[in-house]
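Given next are the chains, with one letter for each unit.
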Amino acid sequence: MAHDIAHGHDDHHHGPAKGITRWLYTTNHKDIGSMYLWFSFAMFLLGGAFALVIRAELFQPGLQFVEPNFFNQMTTMHGLVMVFGAVMPAFVGLANWMVPLMIGAPDMALPRMNNWSFWILPFAFAMLASTLLMESGAPNFGWTFYAPLSTTYAPASVTFFIFAVHIMGASSIMGSINIIATIINMRAPGMTLMKMPLFVWTWLITAYLLIAVMPVLAGVVTMMLFDIHFGTSFFSAAGGGDPVLFQHVFWFFGHPEVYIMILPAFGVVSEIIPTFSRKKLFGYDSMVYATSSIAFLSFIVWAHHMFTTGMPLAGELFFMYSTMLIAVPTGVKVFNWITTMFKGSLTFETPMLFSIAFVVLFTMGGFTGLMLAIAPADFQYHDTYFVVAHFHYVLVPGAVFSIMAAVYYWLPKWTGHMYDETLGKLHFWLSFVGINILFFPQHFLGLAGMPRRIPDYALQFADFNMISSIGAFIFGFSQLLFLFIVVKTVIGGKKATAQVWDNPEGLEWTVDSPAPYHTFSTPPLVK
Amino acid sequence: MANKDTANGYETYYVPEQSKFPIWASFGMALMVFGLGGLLNDIKAGVDATVSGWMAFLGFFILGTVLYNWFATQIRENHLGLPSAQLKRSYVYGMYWFIFSEVMFFSAFFGALFYVRFFVVPWLGGEGDKGVSSMLWPDFTPTWPVVSNPNPNLFTNPGESMEWPGFGGALSYLPLWNTILLLSSSVTVHIAHTALKNENRQQLKIWLGITVLLGIVFLFLQVEEYMHAYHELGLTLNSGIYGSTFFLLTGFHGFHVTLGAFMLAVMWFRVMKGHFKPEDHFGFEAASWYWHFVDVVWVCLFLFVYIF
Amino acid sequence: MLTRNKLGLGMLTAVLALTSTELFAAWDLNMMEGITEISRETYRLHMLIFGICVIIGLGVYGVLLYSLIKFRKSKGAVASSFHHNTKLEVVWTVIPFVILIGMAIPSTRVLTQIYDASESEIDILVTGYQWRWQYQYLSDEGEDVSFFSNLTTPDEQIYNLAEKGENYLLEVDEPLVIPVNTKVRFLLTSADVIHSWWVPEFAVKKDAIPGFVNESWVIAEQPGIYRGQCTELCGQDHGFMPVVVRVVEQDEYDAWFSEKQAAAAAIAELANQDFTLEQLVEQGQTVYNTYCSACHQPNGQGLPPAFPALTGSPIATGAIADHANVVLNGVPGTAMPAFRNQLNPVDIAAVITFERNALGNSVGDMITPVEILQLLQAQ
Ligand code: HEA
Ligand code: HEA
Ligand code: CUA
Ligand SMILES: [Cu+2]
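Chains as they are written, first to last, in the working numbering: chain X, 1 to 527; chain B, 528 to 835; chain V, 836 to 1214.
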């Protein structure tokens, strides 16, 4: 019935404006969502291209293609672009598209500010990318930009990097405020908190994390700005400061940041797995509580990135214990997903394939994470490729796979067309195989002692690096197939029904495919 | 556009049509910071900075103009009665969470202050778990405020600090007066708010006006204090960690007071133009919440930067 | 797209690598056990946690795989409708928690052991520089022993113009030397950015932080040469500042140490002798290549604006006193370090004279070690 109401009211509004201004001036959550997603994919290609430069250089020992300093710029830009340009905007895009549809709201709470949050990003990244062309070269101090390498010893472009981070932060904060206001204030009558789809729940908590830590990031880059340009000594012992102070403030942002990149992924998977298991999600409540406790814990584990900085023993122990604790709520989630599939009636459409791969490979990343959490063992792992393997397993087959799953899952709702299932499956298998060839050997490299952020390496690391690089190119170029599939679906293809899948849960499936330009102008009733 | 939906009792949520504001605001913002970045680098490199300077100014100007019109539109829409009660709740949530983000921004700086004070300085002075570090700074003695830096050649020592002079000197102690000023301004803005609720425009004008004045006086004294610090006390951004934390914390607070006072001033002009109703005055409320927030921050500053 | 044909080549070699067994054996797939009690403890801890994760993994993936096979729609599976079970959920919250406690206990033990740096017999101050390590033996009697440890892998190997040696990128001109079965304490610090000093076989990795001192220690149980690398991004040549430690028998160590002390005395001697411009330029060449050419480039052209050219530069062709001042004290706030403690007077005199009479400069004047010593005393 909600369907009819939504439908009955479209004609009250006119559809999208024509031409480019539709996108420039839009206040429509669906348009803005799409822009976020396209922007994120562009950044994924760019960050990926940087990664391919890295992998090409590491294909063999010796310096082949780039100079060490440029290599460092690639590493830094790759990390920054992927984290802030690819993964975060992708999830915000999904939130824009789906949250109003899932809670039965007519749009986001503050539509104009919504568009502002988006349009800041292209400018911010244009500014960041422009540093590559500056004579001083781009930032080369890693995406974690530890002082004093990023202050006293930084290239001049660091100033632009700092300001880019500032406005990026502004964008994230405005975006999160919008999402929170929408979720708290605009749920359809009857949509109680504990009836909300998990994707909405995870985003509510993610938005909270963002508002809590983005200002801290702004704070730390501001301190850098002052050390660089106004003679303060926050990160210089000569003036009574401490380089490690930088790391504490950065990681107070940085660790929650990594959960900001995974919680919405949890949400996505928790939507998809039940649909293709034809079975209600197992343990909805515990999912909500687990997500909340992960969010809470994420504030008190930050120094697990700093075990080798020589913190006092008490500190090391505290952060080791608190970090290990996170395994418990995360485990609950993993178990819930698997129990959802247990005694279900499974089919393996592309979104499901990506979700299953997510569960398997994210869990592996989680295990290595737990190993890293063991402080004395971390003395051997820290800043080696073991860490690189860890975080790519949670980020690429974790966050990125969930994004791809989400796109395949909701694409019919967005475009009104079914994507090409065979191509989708092909894309999945290429990605799945590619990613493991790419990142699995990096565990061995790390354990064998290969440090990260080096353009050249000792001979015993040669074989695995070569394999890893091959995987990189397989995985990388498979993503062009993804681009092709999406474009193909946007242009045309088999008409999608309103339900798309065989009776999935959630309000989004009660409106037509493609979703009308304006939906739920009158709230549906949720029983 | 009527916002009563006759079909069933809901107010339809006002979703604005297309708007030019967001993209121009983004452009202005980007131009501004790009200019600022160039400006700072040019100054550091000692090259001519006119271009970047103008860029920054132009960006600021664009951003300012856009925001002015944006808010104007917002107000006009409100007078047309477009926003539903629900949309107004959205604004309220928005403001709450914005203030929360500001709280986190300041806590980063306070966190830095405490970490430096209770860990770093003692360590450099040979106390605590990382006391060995003092072998690099043999003649550094850990005190707070840090009056003599580990390496005075790189960071010139402050002459004096801003410490509480004891009750003897209390009367000539600017921060104390500033505290009194801000606290009372919080009260006056509250009185103005109640006046607004009771339809007492006269009271409203007076007390809101007084609040703005108090804010301006505060800023004036703050500038006074900075001059004193720079010229008499020799306490500068350059005098090591004490100067760094002192100016960063008080400076950003001062910046927020400026914003708050500006908002309240705008509200005052709107009051003069007869805006705001007892039951509908979100703009005013937002500004006053913000004002209470900067006030609370100041109290923390007074306690942890000045007194203790 | 150079990478493309490289790719084909790579595929080939990779396939070869996978098939040929001895290469397989050559790959070390796991953390090394190392040669100290701590390193073995760490290794055991690593294997324990790894084992636990594998077991849990087998369980988790087992159930998953079972469901994927057993409950497919295509096999006619019909979904049942249960969607929570408090008992079960409590169980799988508590069990992991208990397991974690099981991990935490040994971890805590090992960590506390690692943190006890007391009662060391030798203290060594390890200082990170962009991009080399300095070792200073903090012994109280006799000339103090202090030297730098620089990468010796030649550029030809790095740029693939020559066959790569077996210790490619892991070889230095002068390794750290410590006696076997002796508790040696390392005091780590840095002269510029953060570095991190790592020797896998010792399981010692500690950051070297400018302005602070971190402690770490080792009791090496087997003589031999152990190689590690800097593990904190420290700029351009972060990948090119290896750590090499030679662990030797006590008597060999004593011999080496007194030899070092003698050499130190000799340098002090040497400083007071006379040198000809040619001698200095010749010696300056080698010093320049080790310490300066990374930034100012072998040909002296530099990499402006970060690294100014020396050829025709106002400093390298201006007043020699100013030139000496820059080299001795560095330029604060830039990448130019102070070499007063990095190089001995002879080397400093040599490199300055070199820079003024080579690299396309021909000022023709020279500065002697003695004059450098006088400058140092003056300041
Ligand atoms: C999406 C991002 C993401 C996620 C989800 C995680 C998850 C975790 N991470 Fe990771 N991490 C990163 C991104 C992420 N990390 C990044 C980017 C870095 C590097 C930053 C840099 O330096 O550049 C990093 C680095 C990093 C370090 C620092 C390593 C070093 O530099 O030395 C540590 C150390 O503790 C760590 C730990 C963990 C832990 C314990 C988890 C836990 O949340 C994992 C929990 C999950 C599981 C444990 C698996 C499922 C659980 C079960 C099946 C239950 C039963 C299991 C047990 C009881 C064992 N991570
Ligand atoms: C979500 C974040 C994310 C994602 C998705 C990725 C994806 C990838 N990462 Fe990423 N990586 C990080 C986050 C991420 N990474 C971070 C935070 C760091 C730490 C940085 C630091 O140390 O500071 C890092 C560091 C890092 C390193 C270590 C570098 C070093 O230590 O020096 C390496 C090396 O192999 C690597 C490789 C890759 C590869 C091959 C991919 C692949 O998945 C990429 C896939 C490839 C593509 C998508 C290419 C698509 C494009 C084409 C096929 C060509 C066409 C191009 C155009 C049209 C422009 N990454
Ligand atoms: Cu020194 Cu990395
Ligand atoms: Cu973390």
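Hints listed in this document are in silico derivations from the structure and should not be mistaken for laboratory results. Be a bit skeptical, because a hint or two may be false.
Capping the alpha-carbon separation at 30 angstroms, the derived lysine-lysine pairs in BS3-like fashion look like this [what the hints assert, rightly or not]:
hint : chain 1 : residue 1 : chain 2 : residue 2
1    : V       : 922       : V       : 908
2    : V       : 905       : X       : 280
3    : B       : 804       : B       : 615
4    : V       : 908       : X       : 488
5    : X       : 195       : V       : 922
6    : V       : 908       : X       : 494
7    : X       : 495       : V       : 910
8    : X       : 195       : V       : 908
9    : X       : 195       : B       : 615
10   : B       : 732       : X       : 18
11   : X       : 195       : X       : 527
12   : X       : 343       : V       : 1018
13   : X       : 494       : X       : 18
14   : B       : 732       : B       : 804
15   : X       : 195       : X       : 280
16   : V       : 910       : X       : 280
17   : V       : 1018      : X       : 494
18   : V       : 908       : X       : 495
19   : B       : 615       : X       : 527
20   : X       : 280       : X       : 343
21   : B       : 732       : B       : 800
22   : X       : 527       : X       : 343
23   : X       : 343       : V       : 910
24   : V       : 1095      : X       : 425
25   : V       : 1095      : X       : 495
26   : X       : 488       : X       : 18
27   : X       : 280       : V       : 908
28   : X       : 280       : X       : 18
29   : V       : 910       : X       : 527
30   : V       : 1018      : V       : 910
31   : X       : 425       : V       : 922
32   : V       : 1095      : X       : 343
To list a few chain V residues with every Cβ distance to chain X over 12 angstroms, as calculated [stated by the list, open to error]:
hint : residue
33   : 865
34   : 904
35   : 928
36   : 944
37   : 972
Treat the numbers as computed from the prediction; the structure is a model and nothing was measured. Backbone N, C-alpha and C fix where the C-beta goes; we use that ideal spot for every residue, glycine too.
Consistency of the hints with the structure:
With a CA separation close to 28 angstroms, the supplied pair residue 922/V and residue 908/V stays within the 30 angstroms bound. About 18 angstroms separates the Cα atoms of residue 905/V and residue 280/X, which keeps this hinted pair within 30 angstroms; it holds. Pair hint residue 804/B plus residue 615/B holds up; C-alpha atoms about 14 angstroms apart against a cutoff of 30 angstroms. For the proposed pair residue 908/V and residue 488/X, the alpha carbon gap of about 29 angstroms is at most 30 angstroms, so the pair holds.
Under the criterion of a C-alpha separation no larger than 30 angstroms, the hint pairing residue 195/X with residue 922/V is consistent with the structure, at around 22 angstroms. A threshold of 30 angstroms between alpha carbons decides the hint, and for residue 908/V with residue 494/X the separation of about 23 angstroms falls inside it, so the pair holds. For the suggested pair residue 495/X and residue 910/V, the alpha carbons sit about 28 angstroms apart, so the restraint of at most 30 angstroms is met. Distance hint between residue 195/X and residue 908/V is fulfilled; the C-alpha atoms sit about 28 angstroms from each other, no more than 30 angstroms.
Straight-line distance between C-alpha atoms of residue 195/X and residue 615/B comes to about 25 angstroms, which keeps the hinted pair within the 30 angstroms bound. Only pairs whose Cα atoms come within 30 angstroms are accepted, and residue 732/B paired with residue 18/X is rejected, the gap being roughly 47 angstroms. Annotation: proposed proximity of residue 195/X to residue 527/X holds, straight-line Cα distance about 10 angstroms (limit 30 angstroms). With a C-alpha separation of about 60 angstroms, the suggested pair residue 343/X and residue 1018/V falls outside the 30 angstroms cut-off, and the hint is violated.
A C-alpha spacing of about 25 angstroms is found between residue 494/X and residue 18/X, which places the hinted pair at or below 30 angstroms, so the restraint holds. Taking the CA atoms of residue 732/B and residue 804/B, the gap is near 14 angstroms; set against the 30 angstroms cutoff, the hint holds. Between the alpha carbons of residue 195/X and residue 280/X the distance comes to roughly 13 angstroms, so the proposed pair stays at or under 30 angstroms and holds. Restraint check for residue 910/V and residue 280/X: satisfied, since their Cα atoms lie roughly 20 angstroms apart, inside the 30 angstroms limit.
For the given pair, residue 1018/V sits about 74 angstroms from residue 494/X by alpha-carbon distance, which is inconsistent with the 30 angstroms threshold. For the hint linking residue 908/V to residue 495/X, the alpha-carbon distance of about 24 angstroms falls within 30 angstroms, and the restraint holds. Using a Cα cut-off of 30 angstroms, the hinted pair residue 615/B and residue 527/X holds, with the two alpha carbons roughly 26 angstroms apart. At roughly 11 angstroms between alpha-carbon atoms, residue 280/X and residue 343/X fall within 30 angstroms of each other, so this suggested pair holds.
Of the pairs offered as hints, the one joining residue 732/B and residue 800/B holds, with about 11 angstroms between alpha carbons and a cut-off of 30 angstroms not exceeded. Simply put, residue 527/X and residue 343/X have alpha-carbon atoms about 27 angstroms apart, close enough for the 30 angstroms limit, and the pair holds. Our distance criterion of 30 angstroms between C-alpha atoms is met by residue 343/X and residue 910/V, whose separation comes to about 12 angstroms. For the suggested pair residue 1095/V and residue 425/X, the alpha carbons sit about 67 angstroms apart, so the restraint of at most 30 angstroms is broken.
Note on residue 1095/V and residue 495/X: the hinted pairing is violated, with a Cα-Cα distance of about 83 angstroms set against a maximum of 30 angstroms. Distance restraint check for residue 488/X and residue 18/X: the Cα-Cα separation of roughly 22 angstroms lies within the 30 angstroms cut-off, and the hinted pair is therefore satisfied. A distance of roughly 16 angstroms separates the Cα atoms of residue 280/X and residue 908/V; the hinted pair therefore holds under the 30 angstroms criterion. A distance of roughly 42 angstroms separates the Cα atoms of residue 280/X and residue 18/X; the hinted pair therefore is violated under the 30 angstroms criterion.
With a CA separation close to 34 angstroms, the supplied pair residue 910/V and residue 527/X exceeds the 30 angstroms bound. A C-alpha spacing of about 66 angstroms is found between residue 1018/V and residue 910/V, which places the hinted pair above 30 angstroms, so the restraint is violated. Only pairs whose Cα atoms come within 30 angstroms are accepted, and residue 425/X paired with residue 922/V is rejected, the gap being roughly 38 angstroms. The suggested pairing of residue 1095/V with residue 343/X is violated, with an alpha-carbon distance near 74 angstroms, which exceeds 30 angstroms.
With a least beta-carbon separation of about 5 angstroms from chain X, residue 865/V fails to lie farther than 12 angstroms from that chain, contradicting its non-interface assignment. The claim that residue 904/V is not at the interface with chain X is violated, since a C-beta of that chain comes within 12 angstroms of its own (minimum 10 angstroms). For residue 928/V, the condition that its CB be more than 12 angstroms from all CB atoms of chain X is violated, with the nearest at approximately 6 angstroms. Interface exclusion of residue 944/V from chain X breaks down, the closest Cβ pair being 9 angstroms apart, not more than 12 angstroms.
The claim that residue 972/V is not at the interface with chain X holds, since no C-beta of that chain comes within 12 angstroms of its own (minimum 21 angstroms).
In summary, the structure is inconsistent with hints 10, 12, 17, 24, 25, 28, 29, 30, 31, 32, 33, 34, 35 and 36 from the numbered list given earlier, while agreeing with the others.
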